[in-house]
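These are the residues of each chain, in order.
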Amino acid sequence: MTVFDFAWLIIIFPVIGLTFNAFFSTRFKEEIASYVAIAASGLSFLMSLVVLIALMGLPPDARTVHVPLYTWAVIGNFKLDAGLLIDPLSTTMLMVVTFVGTLIHIYSIGYMHGDSRYRRFFVDLNLFMASMLILVLGDSYVTMFVGWEGVGLCSYLLIGFWFEKEANNNAAKKAFIVNRVGDFGFTLGMFLIFATVGSLQYADVFHAAENGQVITGVATAITLLLFVGATGKSAQIPLYVWLPDAMAGPTPVSALIHAATMVTAGVYMIARNHPLFVLAPFSQELVAVVGALTAFFAATIAMAQFDIKKVLAYSTISQLGFMVTAVGMGATVAGIFHLGTHAFFKALLFLGAGSVIHAMEHGHHKSQIPNTQYPISKHDEETSRQVDKEEKFDPNDMRLMGGLSSRMPLTFWTYVVGAASLAGLVPLAGFWSKDEILGEAFAKGMTGANVPFMIAFWLLLAAAFFTAFYITRQVLMVFFGRPRHAAAAHAPESPRVMTYVLAILAFFAAVAGFINVTGLFTHWLEPEELFAGLNLGVAVTSIAVALLGIGLGYWVYRPRPLPNGVDDPLRTPPVVGWVFTKVLNPKYWVDEVYDFLFVNPFKRLANFLAFTIDWRFWHDWFHDSVIAAAFKRTARFLANPIDLGIIDGAVNGLGRVINWCSSKLRQVQTGYVRNYALSVLLGVVVIVAYFALR
Amino acid sequence: MNDVFPQVLPLYLGLSAVLFSIGVIGVLVRRNAIIIFMSVELMLNSANLAFVAFARYLHQLDGQIIVFFVMTVAAAEVAVGLALIVAIFKTKKSINVDDISTMKG
Numbered sequence: 000m001t002v003f004d005f006a007w008l009i010i011i012f013p014v015i016g017l018t019f020n021a022f023f024s025t026r027f028k029e030e031i032a033s034y035v036a037i038a039a040s041g042l043s044f045l046m047s048l049v050v051l052i053a054l055m056g057l058p059p060d061a062r063t064v065h066v067p068l069y070t071w072a073v074i075g076n077f078k079l080d081a082g083l084l085i086d087p088l089s090t091t092m093l094m095v096v097t098f099v100g101t102l103i104h105i106y107s108i109g110y111m112h113g114d115s116r117y118r119r120f121f122v123d124l125n126l127f128m129a130s131m132l133i134l135v136l137g138d139s140y141v142t143m144f145v146g147w148e149g150v151g152l153c154s155y156l157l158i159g160f161w162f163e164k165e166a167n168n169n170a171a172k173k174a175f176i177v178n179r180v181g182d183f184g185f186t187l188g189m190f191l192i193f194a195t196v197g198s199l200q201y202a203d204v205f206h207a208a209e210n211g212q213v214i215t216g217v218a219t220a221i222t223l224l225l226f227v228g229a230t231g232k233s234a235q236i237p238l239y240v241w242l243p244d245a246m247a248g249p250t251p252v253s254a255l256i257h258a259a260t261m262v263t264a265g266v267y268m269i270a271r272n273h274p275l276f277v278l279a280p281f282s283q284e285l286v287a288v289v290g291a292l293t294a295f296f297a298a299t300i301a302m303a304q305f306d307i308k309k310v311l312a313y314s315t316i317s318q319l320g321f322m323v324t325a326v327g328m329g330a331t332v333a334g335i336f337h338l339g340t341h342a343f344f345k346a347l348l349f350l351g352a353g354s355v356i357h358a359m360e361h362g363h364h365k366s367q368i369p370n371t372q373y374p375i376s377k378h379d380e381e382t383s384r385q386v387d388k389e390e391k392f393d394p395n396d397m398r399l400m401g402g403l404s405s406r407m408p409l410t411f412w413t414y415v416v417g418a419a420s421l422a423g424l425v426p427l428a429g430f431w432s433k434d435e436i437l438g439e440a441f442a443k444g445m446t447g448a449n450v451p452f453m454i455a456f457w458l459l460l461a462a463a464f465f466t467a468f469y470i471t472r473q474v475l476m477v478f479f480g481r482p483r484h485a486a487a488a489h490a491p492e493s494p495r496v497m498t499y500v501l502a503i504l505a506f507f508a509a510v511a512g513f514i515n516v517t518g519l520f521t522h523w524l525e526p527e528e529l530f531a532g533l534n535l536g537v538a539v540t541s542i543a544v545a546l547l548g549i550g551l552g553y554w555v556y557r558p559r560p561l562p563n564g565v566d567d568p569l570r571t572p573p574v575v576g577w578v579f580t581k582v583l584n585p586k587y588w589v590d591e592v593y594d595f596l597f598v599n600p601f602k603r604l605a606n607f608l609a610f611t612i613d614w615r616f617w618h619d620w621f622h623d624s625v626i627a628a629a630f631k632r633t634a635r636f637l638a639n640p641i642d643l644g645i646i647d648g649a650v651n652g653l654g655r656v657i658n659w660c661s662s663k664l665r666q667v668q669t670g671y672v673r674n675y676a677l678s679v680l681l682g683v684v685v686i687v688a689y690f691a692l693r
Numbered sequence: 000m001n002d003v004f005p006q007v008l009p010l011y012l013g014l015s016a017v018l019f020s021i022g023v024i025g026v027l028v029r030r031n032a033i034i035i036f037m038s039v040e041l042m043l044n045s046a047n048l049a050f051v052a053f054a055r056y057l058h059q060l061d062g063q064i065i066v067f068f069v070m071t072v073a074a075a076e077v078a079v080g081l082a083l084i085v086a087i088f089k090t091k092k093s094i095n096v097d098d099i100s101t102m103k104g
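Protein sequences, first through last, are from chains A and B.
Just so you know, we're using numbering that gives the first Met the number 0 here: the first sequence kicks off at 0 and counts up by one.
Just so you know, we're using numbering that gives the first Met the number 0 here: the second sequence kicks off at 0 and counts up by one.
Keep in mind the hints are simulated off the structure, nothing from the lab.
One or more hints might be untrue.
[Stated by the list, open to error] Facing chain A, according to a computed beta carbon distance under 7 angstroms, are these residues of chain B, among others:
no.	residue
1	Leu12
2	Ile24
3	Lys91
4	Ile94
5	Val96
6	Asp97
7	Ser100
[Unchecked claim] Cut-off 25 angstroms, straight-line C-alpha distance, at most; resulting in silico cross-link-like pairs (SDA-like, lysine to any residue):
no.	chain 1	residue 1	chain 2	residue 2
8	B	Lys103	A	Leu664
9	A	Lys309	A	Val196
10	A	Lys28	A	Pro494
11	B	Lys103	A	Arg673
12	B	Lys103	A	Leu681
13	A	Lys309	A	Arg570
14	B	Lys103	A	Val656
15	B	Lys103	A	Val672
16	B	Lys92	A	Thr669
17	A	Lys581	A	Thr571
18	B	Lys91	A	Arg406
19	B	Lys103	A	Tyr675
20	B	Lys91	B	Leu81
21	B	Lys103	A	Gln666
22	A	Lys365	A	Asp114
23	A	Lys663	B	Ser100
24	B	Lys103	A	Gly654
25	B	Lys91	A	Tyr675
26	B	Lys89	A	Arg673
27	B	Lys103	A	Tyr671
28	B	Lys103	A	Val145
29	B	Lys91	A	Arg673
30	A	Lys172	A	Phe162
31	B	Lys91	A	Gln666
32	A	Lys172	A	Ile214
33	A	Lys391	A	Gly401
34	B	Lys89	A	Val672
35	B	Lys91	A	Val687
36	A	Lys602	A	Leu152
37	A	Lys365	A	Arg406
38	B	Lys91	A	Thr633
We treat Cβ as the ideally placed atom computed from N, Cα and C, and that holds for glycine.
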């Protein structure tokens, strides 16, 4: 027995937590539910730490530990085992998921305080943790798929957490349905793998791939199908549209699921399937280009959004594009490295945004009720949104913010750290990981003279510029200048349980990058890979691009009075203003195009099926004219000829026969004594004759 | 002892049969209840005659004893019958049996 035999505890802790919270926590105070959930997540983290240390203790070539758990299903010759795969990749993911997850659990105490479904929130969070850990730890495609669908379900549940609002439900449904499209590709990929290799265990599949049993064409098909799944889960073109809408969920959810962990599942999946992608150069190039395109377009959209969380959502899509490009190019280390640092700084940014939103709501209430200490605990995002419905106060709208840096210093400073990390300023975490991706793209594209990778490099560099620009714009709009709304003027700093989490995340967003300055992380994840080190040219370029973006952002959005009726300085210049207003702010009209191409035809088809086929044809015509009519005719036949004719006729006929017989017999009773006497006599004569003549 | 009775037995039986037949015809054709009644008595007594004749012929007393019983029963029957006739007469003011046909089917 080694420590790895107990690795299943990592998954079990959240399961225990959610079971307790779902069934028993109503007997205790609300705080107990959050403490149990945090304990479950924290124990998971500690166990992951133990596994990490144990794995580090093994020699590099023995760091793939397979922990069989039980036989899941046996169908004929096909045996499906459920087990855990513990290797540097899954352990890295484990650490990211459990650590960031635990911090966000703690943050949620403050953020969800007073929510009417407080316990349920923690049940959902723990369910998400369990699903994500199954996804990461699974040793086969099927096990992974269980977690894959589990996190999708949690995503749906948590986006629609405040289900009183129609828009939230629609966002939840959109996320779920768009992800189904991706899952369709993923399952097809699984089928193709099974048809080719005959097994769905990673070990068998990768062994077959390395032995050349999977030809290039098949590998291309498999990897492209798997990539379809990744575009859904990791929000890449063309299936990214659900992620911005997913911001309807509570902000801790946006941070945990839709920024740090779940959306990176696609990246993890591609990284996990590296042995298959290596066999399919076309897939690798396509994945890299799609990732880079996503990174570029999402970054441009993020420049023109006013919702503080929408900006971060597009930023997440963009950063996921960086990761997908990296793993697509085969630079697994760079991709996973960026995944880890992004988890820190994007969770930080989201939680910081949550803190700002929280403060805006409280500030709004304070400004509504002057000289009254409004009881902070008595409301949450939802109730305040309902209260504010009349005057349409949107606490997410950056146009209403401004000047928050002095009112919420801790949120501000941590946010700046996260923003700088995202922008890629040296020496923060985002710089190191992003630079590694850019370096890999440069090495493979320029030095390797691969055109798609070269395109990817330039797109990523442009995306890095826009990233620096939009995050500068956001920081300036939110924290600098004068408050543009009474709510911003009255915004209080968030409770410590929130800001301390921000501080911890800010620390990691700052220093997490140092893990791979000397190649430590590369050596851990891919012991055989040679650590390239910093490409000085690329690094200088990327820093220059980031500084350029920040500088331009500052120049445009520097604190200054704006002309009346202009909410964004970019609206005024001639060409840029048109692009900003007509292209970027409406997000390239992608939702509208999708509505036109898919959603509306689908709705029309559904209406046709529902009203014409189902209702008019099936119900009205088929049921009325065929089933009901036939039934009526049968019933009439049974009623008239059968029941009335045969059955009633038989009964009535019997009665009539008896009636007739008795009316004839009755006439024997004449009432005349002589007749009776005569019949007695005749009887006697007959009897006597009988005796006499026999 | 030279008994001649066996030779004359048919005469007795013939008389008995004649009486019985007269009685039957009387019962069947007459409408007066009292006449019918008398005819019934005639039939009974014709039977009595036959009994007595056979008792003499067979040298057994059984027939004669039965005759006594018959006469007793006949007397009782007369009593009941006459009572019935009186009762009918009281209600119907008639002893014509054809008037008493309310039981006809």
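To see whether the hints hold, each was checked on the structure:
With its C-beta approaching chain A no nearer than about 14 angstroms, Leu12/B sits outside the 7 angstroms limit, and its interface hint is violated. At a threshold of 7 angstroms, the smallest CB-CB gap from Ile24/B to chain A is about 10 angstroms, leaving the interface hint violated. The interface hint given for Lys91/B is broken, as the beta carbon of that residue sits about 13 angstroms from the closest beta carbon of chain A, more than 7 angstroms. With a least beta-carbon distance of about 12 angstroms to chain A, the hint placing Ile94/B at the interface is violated under the 7 angstroms criterion.
Of the supplied interface hints, the one on Val96/B holds, with its beta-carbon coming within about 5 angstroms of a beta-carbon of chain A, less than 7 angstroms. Among the interface hints, the one on Asp97/B holds; its C-beta lies about 6 angstroms from the nearest C-beta in chain A, closer than the 7 angstroms criterion. Below 7 angstroms, beta-carbon pairs count as interface contacts, and Ser100/B has one with chain A at about 3 angstroms; its hint therefore holds. Using a Cα cut-off of 25 angstroms, the hinted pair Lys103/B and Leu664/A holds, with the two alpha carbons roughly 11 angstroms apart.
At roughly 43 angstroms between alpha-carbon atoms, Lys309/A and Val196/A are farther apart than 25 angstroms, so this suggested pair is violated. Of the supplied pair hints, the one linking Lys28/A and Pro494/A holds, its CA atoms being roughly 20 angstroms apart against a limit of 25 angstroms. Distance restraint check for Lys103/B and Arg673/A: the Cα-Cα separation of roughly 12 angstroms lies within the 25 angstroms cut-off, and the hinted pair is therefore satisfied. Restraint check for Lys103/B and Leu681/A: satisfied, since their Cα atoms lie roughly 20 angstroms apart, inside the 25 angstroms limit.
A hinted pair counts as satisfied when its Cα atoms are at most 25 angstroms apart, and Lys309/A with Arg570/A qualifies at roughly 19 angstroms. Proximity of Lys103/B to Val656/A is assessed by CA-CA distance (about 22 angstroms); at most 25 angstroms being required, the pair is judged to hold. For the hint linking Lys103/B to Val672/A, the alpha-carbon distance of about 10 angstroms falls within 25 angstroms, and the restraint holds. Restraint check for Lys92/B and Thr669/A: the C-alpha separation of about 21 angstroms stays at or below 25 angstroms, so the hint holds.
Proximity of Lys581/A to Thr571/A is assessed by CA-CA distance (about 13 angstroms); at most 25 angstroms being required, the pair is judged to hold. A distance of roughly 130 angstroms separates the Cα atoms of Lys91/B and Arg406/A; the hinted pair therefore is violated under the 25 angstroms criterion. The hinted pair formed by Lys103/B and Tyr675/A meets the criterion: a straight-line CA distance of about 11 angstroms does not exceed 25 angstroms. For the given pair, Lys91/B sits about 15 angstroms from Leu81/B by alpha-carbon distance, which is consistent with the 25 angstroms threshold.
For a cut-off of 25 angstroms, the pair hint linking Lys103/B to Gln666/A stands: about 8 angstroms separates their Cα positions. Distance hint between Lys365/A and Asp114/A is fulfilled; the C-alpha atoms sit about 19 angstroms from each other, no more than 25 angstroms. A threshold of 25 angstroms between alpha carbons decides the hint, and for Lys663/A with Ser100/B the separation of about 18 angstroms falls inside it, so the pair holds. Straight-line distance between C-alpha atoms of Lys103/B and Gly654/A comes to about 23 angstroms, which keeps the hinted pair within the 25 angstroms bound.
For a cut-off of 25 angstroms, the pair hint linking Lys91/B to Tyr675/A stands: about 21 angstroms separates their Cα positions. Under the criterion of a C-alpha separation no larger than 25 angstroms, the hint pairing Lys89/B with Arg673/A is consistent with the structure, at around 22 angstroms. A hinted pair counts as satisfied when its Cα atoms are at most 25 angstroms apart, and Lys103/B with Tyr671/A qualifies at roughly 7 angstroms. This hinted pair does not check out: Lys103/B and Val145/A have alpha carbons roughly 96 angstroms apart, beyond 25 angstroms.
Restraint check for Lys91/B and Arg673/A: the C-alpha separation of about 18 angstroms stays at or below 25 angstroms, so the hint holds. For the hint linking Lys172/A to Phe162/A, the alpha-carbon distance of about 11 angstroms falls within 25 angstroms, and the restraint holds. About 24 angstroms separates the Cα atoms of Lys91/B and Gln666/A, which keeps this hinted pair within 25 angstroms; it holds. For the hint linking Lys172/A to Ile214/A, the alpha-carbon distance of about 38 angstroms lies beyond 25 angstroms, and the restraint is violated.
A threshold of 25 angstroms between alpha carbons decides the hint, and for Lys391/A with Gly401/A the separation of about 18 angstroms falls inside it, so the pair holds. Of the pairs offered as hints, the one joining Lys89/B and Val672/A holds, with about 19 angstroms between alpha carbons and a cut-off of 25 angstroms not exceeded. For the hint pairing Lys91/B with Val687/A, the CA-to-CA distance comes to about 37 angstroms; that exceeds 25 angstroms, so the pair is violated. With a CA separation close to 24 angstroms, the supplied pair Lys602/A and Leu152/A stays within the 25 angstroms bound.
This hinted pair checks out: Lys365/A and Arg406/A have alpha carbons roughly 14 angstroms apart, not beyond 25 angstroms. Restraint check: the Cα-Cα separation between Lys91/B and Thr633/A comes to about 65 angstroms, which exceeds 25 angstroms; the hinted pair is violated.
Hints 1, 2, 3, 4, 9, 18, 28, 32, 35 and 38, counting from the list given before, are not met by this structure.
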